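**Q** Protein sequences, first through last, are from chains A and B.
Residues in the first sequence are numbered consecutively from 3, following my numbering.
Residues in the second sequence are numbered consecutively from 2, following my numbering.
Hints are computed from structural coordinates only; laboratory data are not their basis.
Take the hints with a grain of salt, since some may be wrong.
[Said to hold, decoys possible] Heads up, simulated BS3-like pairs for lysine-lysine below, C-alpha to C-alpha not over 27 Å straight-line: (1) B:119 to B:132; (2) B:132 to A:167; (3) A:25 to A:167; (4) B:119 to A:167.
[What the hints assert, rightly or not] Pulled from the structure, derived: some chain B residues nowhere near chain A, Cβ distances all over 10 Å: (5) 6; (6) 10; (7) 31; (8) 34; (9) 83; (10) 94; (11) 124; (12) 160; (13) 170; (14) 204; (15) 212; (16) 213; (17) 226; (18) 227; (19) 245; (20) 246.
[As the list claims (entries may be wrong)] Derived DEER-like restraints, expressed as beta-carbon distance ranges: (21) B:74 to A:9: 42 to 52 Å; (22) B:252 to A:172: 17 to 27 Å; (23) B:40 to A:104: 20 to 30 Å; (24) B:244 to A:73: 48 to 58 Å; (25) B:233 to A:104: 31 to 41 Å; (26) A:103 to B:40: 27 to 37 Å.
Please read all numbers here as calculations on a predicted model, not as lab measurements.
Each residue gets a CB set at the ideal place from its N, CA and C atoms; glycine is no exception.
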Amino acid sequence: MSAAAPDGQWPRWEVFKQDAAGKPHQAVGSVHATDPEHALLMARSVFARRPAAVSLWVAPAGAVVAVTAEQLAAGDVPGGAPAGDGTGAAEARYLVFRKSSHRRAMTFVDHVGEVTAASAAAALAAARAAFPEPPALAWWLVPAASVTASPDAEAEAWFAPARGKTYKQQSEYAQLPQRRRKARTP
Amino acid sequence: MSLDPRLRAALLDRLTAMADDELILGHRDSEWTGHAPILEEDIALANIAQDEIGHALLWLEARRQLDGSDPDVLAYSRPAGAWRNARLLELPRGDWAFTMLRQYLFDVYEAELLTRLKRSSHVPLAEGATKAALEEVFHLRHSSLWLRRLALGTDESRRRLEAALARAWPYLPQLWQPLAGDAELAGAGIVPDLAEVGDAAGGRIATALKELDLQTPDTPPNPGGRERHTEELVTLLIDMQSVTRADPAAESW
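Let the sequences and hints guide you as you build the complete structure.
**A** Right under this line is the structure:
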């Protein structure tokens with residue numbers, strides 16, 4: 003089990019949520035948790051209690067290499083961070099995420115694919131070459147070995163119940179008294 | 002659908018017991034809202050509390066179909082002596098270890114009950130069990146995760162878990178203790194054989210505890226049926242029913 007950080011909090015995990023099959027996993031925020039399995043359960047409780055989700059990924063926040071377009075323009079490129087798979091292999095798989103638009107407020111970067119590289123800096127260069135368009139506002143590179151996914155076999159139990167719980171949506175709060183009166187009408 | 006009057010009375014008792022278990026546990030869980038050790042767990046447990054209260058509503062609606070009783074009246078105006086929840090569930094929330102252990106014990110029992118209840122010949126029971134069982138998969142994941150981490154975490158977490166186990170243990174068998182009419186309901190295929198549910202749940206719990214090297218307490222079962230309660234239920238209901246008492250006609254806020 004991971005130790006608490008100096009600030010007394012459990013380690014922080016970035017959460018990626020997929021809304022539907024065929025859509026990308028998107029960075030939606032983070033949770034504090036003791037370990038990957040715990041982080042997934044916290045992610046489900048915090049980010050998937052309302053519709054819609056079909057899959058979640060978590061990764062330790064420290065494993066994410068993030069860089070913005072401004073940093074790149076200033077030549078401030080992240081250096082050779084560890085490959086992160088712990089096997090000592092020279093090359094590692096990195097999941098590539100990028101932000102292409104300012105329009106969405108509830109998500110940050112979207113998953114676009116993956117690259118294999120010997121360092122985070124090399125992975126970033128490979129990602130920029132592989133996914134050039136449209137111009138990226140920000141990049142995240144996450145070692146694939148640091149990512150834990152929600153179990154597909156339990157996807158229904160994790161995500162289906164939220165679909166029927168429209169009362170948890172803010173837009174429904176005002177409807178409750180009316181609904182209640184309706185339910186009482188014989 | 003027409004049920005023979007004896008079966009109908011037995012089914013009313015069974016539905017009341019099931020609904021009361023869910024509602025009382027859901028209320029105890031809800032007492033952590035704003036007080037859980039970390040924000041993420043606060044939200045997770047609030048979700049679980051809402052789920053359990055939702056399950057109570059499934060069973061109270063099934064009861065309404067039989068006798069026309071109003072779920073709100075049963076939940077918010079019924080005196081302590083008329084409740085039929087198992088005593089384990091009314092005990093105060095205690096510390097995090099007790100809350101998670103109690104949730105784990107109930108989740109295992111409920112998983113074994115609902116798996117069998119899905120095959121009930123009484124449609125509202127089969128449908129409710131199918132819905133609730135899906136949510137229980139996640140509840141059990143959450144409470145099992147905590148059982149393991151409390152058992153294998155620190156000296157303090159293990160000490161707290163052992164204390165929780167000692168507190169809960171005498172009350173555990175009451176969860177699956179049959180009601181007077183349960184045998185007849187089982188004969189009609191309406192509810193499963195509670196002895197079978199208890200054997201399965203008890204076996205799963207014993208295996209999990211053994212794997213974590215936790216001693217099974219040797220305390221005898223707390224005697225008495227579901228009509229018996231601790232004084233803790235009274236204080237719980239004073240809180241849970243306070244709004245209805247203050248304004249019985251309240252409909253919105």
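**Q** Hint by hint, note whether the structure agrees.
**A** Hint check results:
1. For a cut-off of 27 Å, the pair hint linking residue 119 of chain B to residue 132 of chain B stands: about 9 Å separates their Cα positions.
2. About 12 Å separates the Cα atoms of residue 132 of chain B and residue 167 of chain A, which keeps this hinted pair within 27 Å; it holds.
3. For the proposed pair residue 25 of chain A and residue 167 of chain A, the alpha carbon gap of about 23 Å is at most 27 Å, so the pair holds.
4. With a C-alpha separation of about 21 Å, the suggested pairing of residue 119 of chain B with residue 167 of chain A holds against the 27 Å cut-off.
5. Distance check for residue 6 of chain B against chain A: the nearest CB is about 24 Å away, which clears 10 Å, and the non-interface claim stands.
6. In this structure residue 10 of chain B is separated from chain A by more than 10 Å, as the shortest Cβ-Cβ distance comes to about 24 Å.
7. Chain A leaves residue 31 of chain B outside its interface by the beta-carbon criterion, the shortest separation being 15 Å against a cut-off of 10 Å.
8. Annotated as non-interface, residue 34 of chain B keeps its C-beta farther than 10 Å from every C-beta of chain A; the closest such distance is 13 Å.
9. At the 10 Å boundary, the C-beta of residue 83 of chain B stays outside the reach of chain A, the nearest C-beta of that chain being 22 Å off.
10. Once the 10 Å rule is applied to beta carbons, residue 94 of chain B is consistent with being away from chain A; the minimum gap is 18 Å.
11. Distance to chain A confirms residue 124 of chain B as a non-interface residue, since its nearest Cβ pair spans about 18 Å, more than 10 Å.
12. At roughly 17 Å, the least C-beta separation between residue 160 of chain B and chain A is larger than 10 Å, which holds for a residue marked as non-interface.
13. Against the 10 Å criterion, residue 170 of chain B stays outside the reach of chain A, whose nearest CB is about 26 Å from its own CB.
14. Non-interface call for residue 204 of chain B relative to chain A: holds, since the shortest CB-CB distance, roughly 22 Å, exceeds 10 Å.
15. Look at residue 212 of chain B: its CB is around 16 Å from the nearest CB on chain A, clear of 10 Å, so calling it non-interface holds up.
16. Residue placement check: residue 213 of chain B keeps its beta carbon more than 10 Å from all beta carbons of chain A (closest about 14 Å).
17. No Cβ of chain A comes within 10 Å of the Cβ of residue 226 of chain B; the nearest lies about 33 Å off, and the non-interface call holds.
18. The claim that residue 227 of chain B is not at the interface with chain A holds, since no C-beta of that chain comes within 10 Å of its own (minimum 28 Å).
19. With a least beta-carbon separation of about 14 Å from chain A, residue 245 of chain B lies farther than 10 Å from that chain, consistent with its non-interface assignment.
20. Every CB of chain A lies more than 10 Å from the CB of residue 246 of chain B, the least distance being 19 Å, so the non-interface label holds.
21. Take residue 74 of chain B and residue 9 of chain A: their Cβ atoms lie about 49 Å apart, and the range 42 to 52 Å holds.
22. Between residue 252 of chain B and residue 172 of chain A the C-beta distance comes to about 21 Å, which sits within the given range of 17 to 27 Å.
23. Between residue 40 of chain B and residue 104 of chain A the C-beta distance comes to about 28 Å, which sits within the given range of 20 to 30 Å.
24. Checked against the hint of 48 to 58 Å, the C-beta distance between residue 244 of chain B and residue 73 of chain A comes to roughly 54 Å, which is consistent with it.
25. Separation of residue 233 of chain B from residue 104 of chain A is about 54 Å and departs from the stated range, judged on CB atoms against 31 to 41 Å.
26. Separation of residue 103 of chain A from residue 40 of chain B is about 29 Å and conforms to the stated range, judged on CB atoms against 27 to 37 Å.
Comparing the model with each earlier hint shows a violation of hint 25 alone; every other hint is respected.
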